[in-house]
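Trainee: The residues making up each chain are set out below.
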Amino acid sequence: MTNDFLHLGNRAFGNRLFTGTGKFAANGLIPKMLKASGSQMITVALRRVDTTAHSENILSYIPPEVTLLPNTSGARNADEAVRIARIARAAGCGDFIKIEVITDMKYLMPDNLETLKATEILAGEGFIVLPYILPDLPLAKRLESAGAAAVMPLGAPIGSNRGLETQSLIALLIENCRVPVIVDAGIGRPSQAAAAMEMGAAAVLVNTAIATASDPEAMGRAFDLAVRAGRTAYLAELAEPSQVARASSPLTGFLSENASEF
Amino acid sequence: MEIFINGQRQSCRSCTLLELLAERALSTEALVVELNGDIIQQEQWPIVQLKDNDTLELLSFVGGG
Numbered sequence: 000m001t002n003d004f005l006h007l008g009n010r011a012f013g014n015r016l017f018t019g020t021g022k023f024a025a026n027g028l029i030p031k032m033l034k035a036s037g038s039q040m041i042t043v044a045l046r047r048v049d050t051t052a053h054s055e056n057i058l059s060y061i062p063p064e065v066t067l068l069p070n071t072s073g074a075r076n077a078d079e080a081v082r083i084a085r086i087a088r089a090a091g092c093g094d095f096i097k098i099e100v101i102t103d104m105k106y107l108m109p110d111n112l113e114t115l116k117a118t119e120i121l122a123g124e125g126f127i128v129l130p131y132i133l134p135d136l137p138l139a140k141r142l143e144s145a146g147a148a149a150v151m152p153l154g155a156p157i158g159s160n161r162g163l164e165t166q167s168l169i170a171l172l173i174e175n176c177r178v179p180v181i182v183d184a185g186i187g188r189p190s191q192a193a194a195a196m197e198m199g200a201a202a203v204l205v206n207t208a209i210a211t212a213s214d215p216e217a218m219g220r221a222f223d224l225a226v227r228a229g230r231t232a233y234l235a236e237l238a239e240p241s242q243v244a245r246a247s248s249p250l251t252g253f254l255s256e257n258a259s260e261f
Numbered sequence: 000m001e002i003f004i005n006g007q008r009q010s011c012r013s014c015t016l017l018e019l020l021a022e023r024a025l026s027t028e029a030l031v032v033e034l035n036g037d038i039i040q041q042e043q044w045p046i047v048q049l050k051d052n053d054t055l056e057l058l059s060f061v062g063g064g
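Just so you know, the sequences run in chain order P and H.
According to numbering that gives the first Met the number 0, the first sequence is numbered sequentially starting from 0.
According to numbering that gives the first Met the number 0, the second sequence is numbered sequentially starting from 0.
Please note that a few of the clues may not be correct.
[Said to hold, decoys possible] Reference excerpt, derived from the structure (chain H facing chain P, CB under 10 Å, subset only):
1) Ile-2
2) Asn-5
3) Gly-6
4) Arg-12
5) Ala-29
6) Val-31
7) Glu-33
8) Gly-36
9) Asp-37
10) Gln-40
11) Leu-58
12) Phe-60
13) Gly-63
None of these hints come from the bench; they were simulated from the model.
Idealized CB from N, CA, C, for every residue including glycine.
Start from the sequences, fold in the hints, and give me the full structure.
Mentor: Shown next, in the form of structure tokens:
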């Protein structure tokens, strides 16, 4: 496990729990959560400044060794996503970008078509593109060809904590994609993160479940343990399920056995 | 003159970008400035002169997933 790194762009991640900065009750909880979870990649969003109020600089709460993953949330089409990505890079946030194009405000479903367009443009400009998508295998293959560094299918709607509702579709991506599959959105419990990793997901991205826990620091630790457990189990290769019982103890040599009975 | 700041038309005297930010008491720490579609790096703020009908976006990073 010590050599088990996830390579994205020019970075190697020894920790496969990616986290987010949204919804924390106080920004001061973010560095504590990062330390407890060991997460090496964290998302941020870009917004207009409220010119009438003082706001904190969220970047000052993220240790320099943690990779920033700016997202393009708020983008409704590929052009807006590309614009946000370029601004984030020009602002010094590095080359990683999570493409998030959403027009459906009820379920926050990603627009796969616009996401593909944005990926084609940004990968061509040297960004390390992580597109947030509905788990659609043909789309994932096209994103791969377009130069995406990974694909990030949703497990369930953003912030819903419903877990791996799209499990069978994610499994198709894991089986058929050359790029890493990172499960993003919907994971509400450490056990769900472990399940994603057991399936062979390369990483998971968890924000709401950690940030809105009563103790985000402890929940970050719990998710780290779950991701490590799931990853270790995947590498150890899981035993196959069976419809019938298969005894774990020998079925011969019972103390009550009598030679005459056989 | 008038300029657009974050989508709002606002009156503004002729000044540099840095003067405008100071006048409006905006925290410049981690502020990202886009002027007419181009990012303006902080070292350019004192020399960039604002013009009538400029479109200014004042942005910053916030929490998000």
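Trainee: Decide, hint by hint, whether the structure agrees.
Mentor: Verification of the hints:
no. : hint   : verdict
1   : Ile-2  : 13 Å, violated
2   : Asn-5  : 4 Å, holds
3   : Gly-6  : 8 Å, holds
4   : Arg-12 : 17 Å, violated
5   : Ala-29 : 4 Å, holds
6   : Val-31 : 4 Å, holds
7   : Glu-33 : 6 Å, holds
8   : Gly-36 : 8 Å, holds
9   : Asp-37 : 9 Å, holds
10  : Gln-40 : 8 Å, holds
11  : Leu-58 : 6 Å, holds
12  : Phe-60 : 5 Å, holds
13  : Gly-63 : 3 Å, holds
Consistency with the previously given hints fails for numbers 1 and 4, ordered from lowest to highest.
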